[in-house]
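Peer 1: Listed below are the residues making up each chain.
2 protein chains.
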Amino acid sequence: MTYCVGLLLNEGMVLLSDTRTNAGLDNIATYRKMFTFEVPGERVIVIMTAGSLSVTQTTIARLRDMNDSPDADPTTCILRAPTMLAVAEIVGSTLAAVRGEIQEKLSAMGQGASASMIVAGQRKGGGMRMFLIYPEGNFIEATEDTPFLQIGEHKYGKPILDRVVKPSTSLLDAQKAVLLSMDSTLRSNLSVGMPLDLAVIDKDALKVTAARRIEAGDPDFRAMSEAWSTALRDGFQKIEL
Amino acid sequence: MTYCVGLLLNEGMVLLSDTRTNAGLDNIATYRKMFTFEVPGERVIVIMTAGSLSVTQTTIARLRDMNDSPDADPTTCILRAPTMLAVAEIVGSTLAAVRGEIQEKLSAMGQGASASMIVAGQRKGGGMRMFLIYPEGNFIEATEDTPFLQIGEHKYGKPILDRVVKPSTSLLDAQKAVLLSMDSTLRSNLSVGMPLDLAVIDKDALKVTAARRIEAGDPDFRAMSEAWSTALRDGFQKIEL
Chain D
1 MTYCVGLLLN EGMVLLSDTR TNAGLDNIAT YRKMFTFEVP GERVIVIMTA
51 GSLSVTQTTI ARLRDMNDSP DADPTTCILR APTMLAVAEI VGSTLAAVRG
101 EIQEKLSAMG QGASASMIVA GQRKGGGMRM FLIYPEGNFI EATEDTPFLQ
151 IGEHKYGKPI LDRVVKPSTS LLDAQKAVLL SMDSTLRSNL SVGMPLDLAV
201 IDKDALKVTA ARRIEAGDPD FRAMSEAWST ALRDGFQKIE L
Chain Z
1 MTYCVGLLLN EGMVLLSDTR TNAGLDNIAT YRKMFTFEVP GERVIVIMTA
51 GSLSVTQTTI ARLRDMNDSP DADPTTCILR APTMLAVAEI VGSTLAAVRG
101 EIQEKLSAMG QGASASMIVA GQRKGGGMRM FLIYPEGNFI EATEDTPFLQ
151 IGEHKYGKPI LDRVVKPSTS LLDAQKAVLL SMDSTLRSNL SVGMPLDLAV
201 IDKDALKVTA ARRIEAGDPD FRAMSEAWST ALRDGFQKIE L
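If you read the protein sequences in the order shown, they are chains D and Z.
Each step along the first sequence adds one to the number in our numbering, with nothing skipped, and position 55 is 55.
Each step along the second sequence adds one to the number in our numbering, with nothing skipped, and position 193 is 193.
Given that identical chains are not distinguished, each listed pair holds provided it fits within a single copy or across any two copies.
Straight-line Cα separation of at most 20 Å, DMTMM-like style, residue types lysine to aspartate or glutamate; simulated pairs:
(1) K203 <-> E42
(2) K203 <-> E144
(3) K166 <-> E226
(4) K238 <-> D220
(5) K238 <-> E226
It is worth saying that the hints were derived from the structure and are not from the lab.
In isolation and in its complexed conformation, chain D is listed as follows (with noise of 0.2 Å):
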């Protein structure tokens, strides 16, 4: 399984997602979900990925190849898109015409393969936007009242955002949140794994501004979750019934 979440802020965009892939619980690896794709000064777009490595890697190889390629139709190329908008469509036609494919292989067998995508980012001149891509490329975005958006295993994550992420939450309180957020995650789903990614993408410095593989062991990460736990029980123990 997987866990990406992603927040749109008045001060930025905040993305988190782990990195563990397995086929069947006997079959773990690690592989990276965030893909930056970045013109610095001018646009900076990430890509988070949920689902079938098959598809995910098919995606963003395409989504690459057609950047690469310096004649490349604008409306195929992310990179040279003239919105947002256009971006999320570009990425969204591209991951169901590559699950399609797929699928087709599959069901043969019976079986079926999906993926889902958030994508963030901002062109010169654009706002910050965010989009969830589904499998059959039709995608929501993020708004005002709901400004983050998950991928993968979302439930265990989604009470603490629910209850501390606004517009106006600040780039450092953002980070904490998806990084307690992860932290449910990781408590109660073994399919979610350390290593963690982590990107800041400032409004409009159009380039990511930190970016952070977070590892199993980091002390930080370790700290802030003990911190974490400690507060939740404390609190705990004062409320009266």
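Got chain D; can you put chain Z on it based on the hints?
Peer 2: Structure of chain Z alone, referenced to chain D:
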């Protein structure tokens, strides 16, 4: 959907269920999902149900019928079964039989019906036992390592249980824990809804010691929910990244 949770602790058992039943989002109703079978001083059994209402109602009705028939075979009657393990087996086989019959009727329409149950109880001379009965009639039991069982929409409410519930947890703290676990679930899943049914069975009391229906707008529940939100936000603010 549904959320039911049961805790098996050194001091007793605590059970909580919601009451929302829906056939599609546009057809929502309130049905009790917690059922008590008691011979005070001799045995107490509480059953909580999740899944297709036609399956759970028919199963509970058959269990009642078997109790009411004076010359019933003790091996089919949960109020006369010799052990709690035998009770779990009766509930399991009744559930599996009902599910099979209804499944057969629905299969013509390409539909399915399923249900699961939590069975908690104690009989004179025996220990407290708590079982999760699967739709096929097999079951698992709560243990010291995992002293709680959940059915229905279990994910949103699991992190708090994972963190605070141990066999040594007091019955008062246990009631707080299940109510906060339910509170997180109510916030995130509309198909779980008030009112709630809460039951406490003290160890060796051989009856339901306390039962309470918590209506929507219950001031105590609301105060606890708000206190927990505040505690979470305060705890969150204090954590350093």
